[in-house]
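Below are the chains, spelled out letter by letter.
Number of protein chains: 2
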Amino acid sequence: MSEIELPEADTETQLDEDDRLKPEFVSAVLDAVEAGDTETARALVEPLHPADIADLFELTPREDRAGLAHAVSDLLDGDVFAEMNDYVREDLIDALTPTEVADLASELDTDDAVAIIEDMDEDEQRAVLRALDPDDRAAIEEALSYPEESAGRLMQRELIAVPEHWTVGDAIDYLRGHEELTTDFWEIFVVDPAHKPIGTCQLSWMLRTPRGIAMADVMKREQTLIPVDMDQEEVALRFQKYALISAAVVDNGGRLVGMITVDDIVHIISEEAGEDTLRLAGAGDGDINEPIRLTVRTRMTWLIVNLGTAMIASSIVGLFQGTIATFALLAVLMPIVSGMGGNAGTQTLAVVVRAIATNQLTSSNTRWMVLRELRIAAANGAMLGTLIGIGTFVIFGNRDLSIVIAAAMLINNVTAGLGGVLVPVTLDRMNVDPAVSSAVFVTTLTDTMGFFSFLGLATLWGLHG
Amino acid sequence: MSEIELPEADTETQLDEDDRLKPEFVSAVLDAVEAGDTETARALVEPLHPADIADLFELTPREDRAGLAHAVSDLLDGDVFAEMNDYVREDLIDALTPTEVADLASELDTDDAVAIIEDMDEDEQRAVLRALDPDDRAAIEEALSYPEESAGRLMQRELIAVPEHWTVGDAIDYLRGHEELTTDFWEIFVVDPAHKPIGTCQLSWMLRTPRGIAMADVMKREQTLIPVDMDQEEVALRFQKYALISAAVVDNGGRLVGMITVDDIVHIISEEAGEDTLRLAGAGDGDINEPIRLTVRTRMTWLIVNLGTAMIASSIVGLFQGTIATFALLAVLMPIVSGMGGNAGTQTLAVVVRAIATNQLTSSNTRWMVLRELRIAAANGAMLGTLIGIGTFVIFGNRDLSIVIAAAMLINNVTAGLGGVLVPVTLDRMNVDPAVSSAVFVTTLTDTMGFFSFLGLATLWGLHG
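These protein sequences, in sequence, are chains A and B.
Read in order, the letters of the first sequence correspond to residues -12 to 452 in the working numbering.
Read in order, the letters of the second sequence correspond to residues -12 to 452 in the working numbering.
Keep in mind that the hints were calculated from the coordinates and are not lab data.
Take every hint as true, because none was put in to throw you off.
Across the chosen pairs, the derived CB separations fall in these ranges: (1) 3(B) - 242(A): 20 to 26 Å; (2) 350(B) - 134(A): 37 to 43 Å; (3) 362(A) - 291(B): 14 to 20 Å; (4) 134(A) - 239(B): 48 to 54 Å; (5) 166(B) - 163(A): 23 to 29 Å; (6) 417(B) - 57(A): 38 to 44 Å; (7) 90(A) - 62(B): 50 to 56 Å; (8) 291(B) - 49(A): 43 to 49 Å.
Virtual Cβ for every residue (Gly too), placed ideally from N, Cα, C.
Produce the complete structure using the sequences and hints provided.
In C-alpha cells:
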C-alpha cells in the first residue's frame, strides 16, 4: 500500500467523526450494486477495514445483502465474517456452500472459526467440518465440545509455549525458524514437561533481555490461568480485574490447551455490561438484527408476565372501589404514589444490579448496602412526601388528603428502597440472574404498595369528596 | 517467590469461585486490624494482587479503612491506588501528605498517576506537583491540561518509538541497551523525522523476523491513530471496533505524544456500557462508594423531574373525574393500560439506546428501525389488547368496557413503540445523551396516552357502571 492510500486520508469520505459509516457512503455503494456497477462498488468497499465491511452489511437492508455480497464477494474474507453480527452472518452463510464456509473458517484462528460455525444447523455444521482439513477440523470439533459461552469456545489453539530451560535466544531462534507458528500473540507461555504453564513472559521483557538469560528468569510466575469450562462472563471479569492482555487456558488436569486474548474479550465486556440494560427492561438480547418474529416473542413473554403483575396491582385498587366512587380525586392522585415508588425502586435496582455484576456488592458488604439504600429511601421519601403533601394542600386545599398522600409516598419509597436491594440480592444468592427478573418483582411491589398505602390510609382516615 | 507460594494455591482461602474476596477472609483481616495484630493482617494481605487489595479497601466499612491502611501501609503502592474506586481512594489520599502522594504517583505510568491526582483539590494538587521531580511533574501537568475523560488523560507518555530506517536488530539492541525505557508495551511505533507515526509493529512480528530486515518492512502502515482530545468513549469504541491492543495518540499536528493500551480501555468499555443501565434508571453514576449526600441529591433531582411528569399524567385523569365517579371500575383498570405502555416503551428504549451507544443504529438505518419497532409494537399491542379485552369480558361481563380497554391498549403500545425510537434518536441528533433523558419523555408519553386513550374512549363510548 503506497503512502497516498493511508486510511487516515481515505476514511474521511467513508466514516463520520464517530467511526460510523456515513449514510452517503452506504447509499453510494448500494446504488452502485443496484445499477449493476460491480466495479464501482468494489472500488468503494475495497479500502474499508474488515470491521467496517461487516458494518456495511449490517446497515444494508436485508433484501439487498445478497446482491452486495455478490458484488464484493472477493472482499468477504473470514475476518469480515468474524466481525459481523450473528444474525446477519447466518443469513449470508446460508447462501454459501459448505466448502466455501470451510475455506473461510480455515483462514481464521480457532475462536473466530468456531464463532462462525457454532450457530449453523447440525447438518450444515457436519458438512462444513467434513470439508475442512483434518487439523482444523479436530481443533474446531474440540472447541465445539465445550459448552457455549465457555472459555473453551473463546480460546484459540494457536499459541507459543516453550520449555523453561530455554534461553531468550533459543525462544527467538525458534520463533524465527518456524514459519508455521502463529504471528499474533502478545505473551509466551513457559510450560513444564507435562505441558502445564509455570510462567508467562511478555514479549517486551524478552526483547529487553540479553539472549543468554533463561526464560525462567524473565517470565512472571504469578499467572492468571483460565479453566477451560469457565463462563465467558467470569473470563471477562478476570481479564478486567487483573488487566490481562492474554491468558493461558488450562484443562482439568492443569495442562495448557489454549490462549484467550483481550481483543476477543472487549466484545464480551461490552455485551455483558450492556445486557443488563436490556434485561432490566425485559428486552431479551435486544439485538436489532434478530428476526422480528423472535423479538416479538421475547418481548411478548415479558409483557404478559407484566400484565399479570399489573392485574395484581389493579386488584388492590379494586378493593377500594367504594372509596373511589365517593371521592374520585383519589384515582387522580394514586398513579403518582405508585409511579414515584416505581421510579425510586428502579434507581436502587439499577445500582444494585450493576454492583452485583461488577463484583462490587458481595456478601461482605450486603448489610451495609441495605442500610445505605434504606437511608437514601427514607431521605428521598420524606422529601418527596413533603413536596407532594404541600402541593396537594395548595391545589386542593384538603389537609387530610395531603397528610395521607405524604405518608403513602414515604411508605412506598422505603418499600422501593428495600425491595430494590433485597430482590436482586436474593435472586443472585439463588443463582438467578438478578437483571432478568428483579424488575417484575420490584415494580409489582411498588405498584401494590403504592395503591394499598394510599387508598388504605384514605379509607382508614375516612376521606371523602 | 517459591513454587509453593503460587497464587493458584493461595487464592482458594481468599477468593471465591468468582474472584471475589471471601467474607471470612475480609473479616479475618479486619479482626486482626481491630485487635492491633498488624503482623497477622500484613501476612494475610501480602499475597493479594493489587486489584484484590483495592477490593479489600472497598469492602471495608468506611470507618475502618484508615486503620487497615495503617496496618498494611507498606503494601499500599501506586498499583493498589490505581485499581481503587475513586471515592475510596480520595478518602485514603486525603490522609496522606503531598510528599507521600508524590512518591506513589512517581511509581506509576502517567495515566495512572493522573487518575490519582486529577480528583484532588487544586491546592493539594499543586502541593503534590511541587513534590514530584521535574520530569514526572511536566508529564502530569501536560496530561492535566487536556479535558477530563479525553485521550490526553488516558494516555501514558512511556512508549517506544523508532525511526523507519532502523532494522529489527537496531531496535532490539536499542531496547536491550537502554535501562530507562518502559518495560510495558505491546507494539513499537515507527516515526518519521517530525515524530509523526508512520507505522505500528507488533512485538511478535519483530520476534519472528531476522535482525537485518528494516522496521519499515515489518510494520503495518494502516494504523488507527487517536487524536489527543478525543473523548474516552470514542476511544473505547475505536479500540473495540478495530480490536486494538495499543494505539498511538497524536497531537493536532499529527505528532506522536503518547500511547493508550487496551488494559486501560476495558474499564472504560465496561463503565460506559454499564452507565446506560444507571442513566436510564436515573441513578446518576450509581457508584456505591459515593458519599450518601451526593447520591441522595442525584436521585432526588431525577425523582423531582418525574414527580412533575407524574403530575402531568395525573392531570389527564383529573379531566375524567366525572366519568370515574360514575364508574369507579375505570380507575381500577386504567393503571394496567398506562403501565403496559410504560413496559413496552422501556423495552424499545433500552434496545434503541444500546444500539445508538454501540454505533449499530446510525442515520443510515433509522427509518428501518422506526418501521421495525412500529411492527413489533402493533403486533404486541394487538395481542395484549386481545388478551386484556377477553380477560375484562370474562371477569366483568362488560362488552363495551372490554372493547374500550383493548383499543386503548393497542393505541398506547403503538405510541410507546414510536416514542421509544423517536425520543432517543431525536435527543442523539441534538447531541443530548439519550440514556439520560429519554426515559422521562417516554414514560410521560405512555402514562398520559394510556390515561387519555382509555378514559377518553370510555367517556366517548358513554361507559357507566
